[in-house]
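Please model the complete structure; the sequences and the hints are all you need to start from.
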Amino acid sequence: MVKKKRGGIGKIKGFAIQFLPFAEISNLDSTGRIKKILGIVLSNNILILQGRLKPEEETRLIGDTMAMIGHVKGFKGIELAVISGNGNNQGGFFGKIRQNLANSLVKGDLGAVTIIGPATIVKDIKKNPKKIELFLNQ
Amino acid sequence: MVIKIFKNFFKKVFSKIFKGKKDVRLGFYGPPNSGKTSLANRICKDFTGEEMGSISKVPHETRNVQFKEKVEIDYKGKKITFKMIDTPGIATKIDYEDFLKYKVKKKEAKSRAKEATQGIIESIKWLDDMDLVVIVLDATKNPYNQVNITIIGNLVARKIPVLIVANKIDLRKSSIKQIEAAFPEYDVVGISAKHGKNIEEFYESVFKLSKNI
Numbered sequence: 001m002v003k004k005k006r007g008g009i010g011k012i013k014g015f016a017i018q019f020l021p022f023a024e025i026s027n028l029d030s031t032g033r034i035k036k037i038l039g040i041v042l043s044n045n046i047l048i049l050q051g052r053l054k055p056e057e058e059t060r061l062i063g064d065t066m067a068m069i070g071h072v073k074g075f076k077g078i079e080l081a082v083i084s085g086n087g088n089n090q091g092g093f094f095g096k097i098r099q100n101l102a103n104s105l106v107k108g109d110l111g112a113v114t115i116i117g118p119a120t121i122v123k124d125i126k127k128n129p130k131k132i133e134l135f136l137n138q
Numbered sequence: 001m002v003i004k005i006f007k008n009f010f011k012k013v014f015s016k017i018f019k020g021k022k023d024v025r026l027g028f029y030g031p032p033n034s035g036k037t038s039l040a041n042r043i044c045k046d047f048t049g050e051e052m053g054s055i056s057k058v059p060h061e062t063r064n065v066q067f068k069e070k071v072e073i074d075y076k077g078k079k080i081t082f083k084m085i086d087t088p089g090i091a092t093k094i095d096y097e098d099f100l101k102y103k104v105k106k107k108e109a110k111s112r113a114k115e116a117t118q119g120i121i122e123s124i125k126w127l128d129d130m131d132l133v134v135i136v137l138d139a140t141k142n143p144y145n146q147v148n149i150t151i152i153g154n155l156v157a158r159k160i161p162v163l164i165v166a167n168k169i170d171l172r173k174s175s176i177k178q179i180e181a182a183f184p185e186y187d188v189v190g191i192s193a194k195h196g197k198n199i200e201e202f203y204e205s206v207f208k209l210s211k212n213i
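So the sequences go chain by chain: A and B. Quick note on the numbering used here: the first sequence kicks off at 1 and runs consecutively. Quick note on the numbering used here: the second sequence kicks off at 1 and runs consecutively.
Calculated from the structure, these hints are not laboratory results. Careful, some of the hints might be misleading.
Selected chain B positions facing chain A (in silico; Cβ < 10 angstroms) [said to hold, decoys possible]:
hint: 1; residue: K93
hint: 2; residue: Q146
hint: 3; residue: I176
For each residue, glycine too, the CB sits at the ideal point set by N, CA and C.
Written as C-alpha cells, this is what we have:
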C-alpha cells in the first residue's frame with residue numbers, strides 16, 4: 001500500500017489504495033452508497049470495492065460526480081472501471097443459480113471488483129478482456 | 001377505490017390504442033466525440049434536409065440535449081416517424097485544461113467545462129424517456145470503457161432496445177470486430193456518419209428494432 005499524505009485535491013502529494021468490502025455498503029441505500037464512495041475518493045484515495053454497484057447507481061455516481069466538479073475545488077471527476085467475473089461460466093447452469101442466489105443474499109454482484117479513483121490521481125484505466133491497467137498522473 | 005380501478009383500466013386501454021401513433025423517441029448516446037451529432041445530422045439531412053446540431057473536433061461540442069421532432073424515416077417503402085434526441089457525450093471527468101489543447105481560451109474553456117458537466121447530468125436524466133437508443137462508439141478507440149458498459153447496463157435494466165453503432169469505419173485504425181467482441185449480445189452496425197458509408201444497413205437495423213417497441 002502506498003502511504004498517504006493529505007494535501008489539496010488539486011495537487012497530488014500522495015494517495016492511498018483503500019479496499020472496501022461489499023458488506024460495508026450492502027445495507028446502505030443508493031444515496032448512502034454513493035456518498036460513502038465519493039467521500040473516499042474525495043480524500044485522495046483509490047477505492048477498490050468488492051462487488052459492483054447497480055447500473056442505475058453507476059449512472060448516479062457519474063451524475064453526482066459531475067455535480068461536484070464545479071463545487072469542490074480542484075476536483076476534476078473520477079476514473080471508473082468494473083472487472084466482472086460474469087464472463088466465466090464456471091459451474092454451468094447450477095453454478096449460475098448458486099451465484100445468483102449468493103448475489104441476491106448479499107444484495108450485490110460479489111464476482112466483480114470496482115475500481116474508482118480521483119481523476120487528479122488516476123489518469124486512465126485501460127481495460128481489455130486480458131488485463132486492466134491503471135495509469136497514474138505524475 | 002372502484003373509480004381508481006376504472007381510471008387505471010381506461011388509461012391502460014387508451015394508451016395501448018394510441019401507442020402506435022406516437023413518434024418513436026430515438027436517443028443517441030455515447031462517449032464524447034464518437035459522432036453522435038454527425039449521425040443525427042446525417043439522418044436529419046437525409047429525411048428533412050436540415051441538420052440537427054453543430055459538430056467540432058473539440059470534445060463536448062454538444063452540451064445540451066437537442067431535439068428534432070417529426071423525422072419520418074422512409075426505408076424500403078415503410079415509414080416510421082421519430083423524435084430524435086441527441087445527447088451530450090457522457091464522461092466521468094471534465095477538466096477545462098483539456099480544452100486549452102484545442103486553442104480554446106481559458107475563460108471559454110472554463111465555461112465549456114461547466115456546461116459539459118451539466119450536459120452529462122441532463123443526458124443521464126433522459127435515459128428514462130427513450131423508446132430506442134443508438135449507442136454511437138468511435139471504432140478507432142478501445143470499446144471497453146466503463147461509461148459504455150454503464151449506459152448499456154442502464155438501458156438493459158430499463159428494457160430499452162439498444163443498437164450499437166461502430167462509427168468512423170472510414171478510418172484505417174477502426175475495428176468493428178473489437179466492438180463486436182466487447183458487446184457480443186448486441187447488433188453492431190459499422191458506419192461512417194461523416195461519409196454516409198453503410199447508412200442503409202443502419203436504417204435497416206433501426207427499423208428492425210423499432211418493431212420491438
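Each hint tested on the structure:
1. A least Cβ separation of about 3 angstroms between B/K93 and chain A falls short of the 10 angstroms threshold, and the interface hint therefore holds.
2. Residue-level restraint check for B/Q146 holds (minimum Cβ-Cβ distance to chain A is 5 angstroms; threshold 10 angstroms).
3. For B/I176, the shortest C-beta to C-beta distance to chain A is roughly 16 angstroms, which exceeds 10 angstroms, and the interface hint is violated.
Taken one by one, the earlier hints fail for this structure only at number 3.
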